[in-house]
Amino acid sequence: MTLQQIMASENIILDMEVTDKNQALNKLATALDKSGRLHSLKGFMVDVKKRESIESTNMEMGVAIPHSKCEAIAVSSVAMARLKEPIDWEDGGSLVKYVFLLAVSPEDDGITHLEVISKIAELLIEESFLSLLSTAIDGMTIITYIQNYMAQ
Amino acid sequence: MKLIAVTSCPVGMAHTYMAASSLKKTAKRLGYEIKVETQGALGIQNRLSSVDIEEADVFILAADVALQEAERFDQCATYKVSTSQLIKKCEKSITEAIASLQA
Numbered sequence: 001m002t003l004q005q006i007m008a009s010e011n012i013i014l015d016m017e018v019t020d021k022n023q024a025l026n027k028l029a030t031a032l033d034k035s036g037r038l039h040s041l042k043g044f045m046v047d048v049k050k051r052e053s054i055e056s057t058n059m060e061m062g063v064a065i066p067h068s069k070c071e072a073i074a075v076s077s078v079a080m081a082r083l084k085e086p087i088d089w090e091d092g093g094s095l096v097k098y099v100f101l102l103a104v105s106p107e108d109d110g111i112t113h114l115e116v117i118s119k120i121a122e123l124l125i126e127e128s129f130l131s132l133l134s135t136a137i138d139g140m141t142i143i144t145y146i147q148n149y150m151a152q
Numbered sequence: 001m002k003l004i005a006v007t008s009c010p011v012g013m014a015h016t017y018m019a020a021s022s023l024k025k026t027a028k029r030l031g032y033e034i035k036v037e038t039q040g041a042l043g044i045q046n047r048l049s050s051v052d053i054e055e056a057d058v059f060i061l062a063a064d065v066a067l068q069e070a071e072r073f074d075q076c077a078t079y080k081v082s083t084s085q086l087i088k089k090c091e092k093s094i095t096e097a098i099a100s101l102q103a
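Residue numbers (our numbering), protein chains in the order written: chain A, 1 to 152; chain B, 1 to 103.
There is no bait here: all hints are sound.
DSSO-like, lysine-lysine: derived pairs with alpha carbons at most 27 Å apart:
#, chain 1, residue 1, chain 2, residue 2
1, A, Lys119, B, Lys25
2, A, Lys119, B, Lys2
3, B, Lys25, A, Lys97
4, B, Lys2, B, Lys35
Sample of chain A residues at the chain B side, in silico, Cβ under 8 Å:
#, residue
5, Glu55
6, Ile65
7, His67
8, Lys69
9, Leu114
10, Glu115
11, Ser118
12, Ile125
It should be emphasised that the hints constitute simulated quantities derived from the structure, not laboratory data.
Every residue gets a Cβ at the ideal spot worked out from N, C-alpha and C, and that includes glycine.
Just need the whole structure built from these sequences, with the hints factored in.
Right, dumping it as structure tokens:
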């Protein structure tokens, strides 16, 4: 799978307006569902929250990476939101401004989808990438940046 | 100073790779040589050889789930840390690992 198959620009939501973590997760998951990437929105949300309950996915750099690998996912995907106002991740940690929701489908054979997602995870600790996220005017700008990083 | 590390996390998608990346970047900045093996959804990658393990001064173990092929590291002086701590406070973790194992 290619980056663009996994991270579609329709699933990159810039300046999302939400008031809490649950709303942010719901909006991102709903975007994935609407683009035909889930078998079950409800099943997916249950698994995302289960993972979150093991340990918060707030990375303390303004970035949270909720994620799931479960039967409810039809197509491996990444959805991303830049929040208009940072929110409390309900873990006693710092506020979250960027949410990367990572979904891996057990139906996807091979490893290319995992390679793409692991590369995105690597980028999340790069200040230059975080700085791009704060100024990007559209989803394609973000996708192109990741594409260039992967080509290195 | 030679460092080796293994990272792994429950789903094996995100923390494993973020922690590995963060270790490499921070070790480089601090002037240490490091090799990091990841045990994630992609299986064992960048596998540490017996030579790597033998030559290492410090072994940082950031495994949130059971380490695979753990017997390779039986003789290592090991510093344990969670992947999330490693991502959030990487420099502190490396400094502590070196201090604790040299003490």
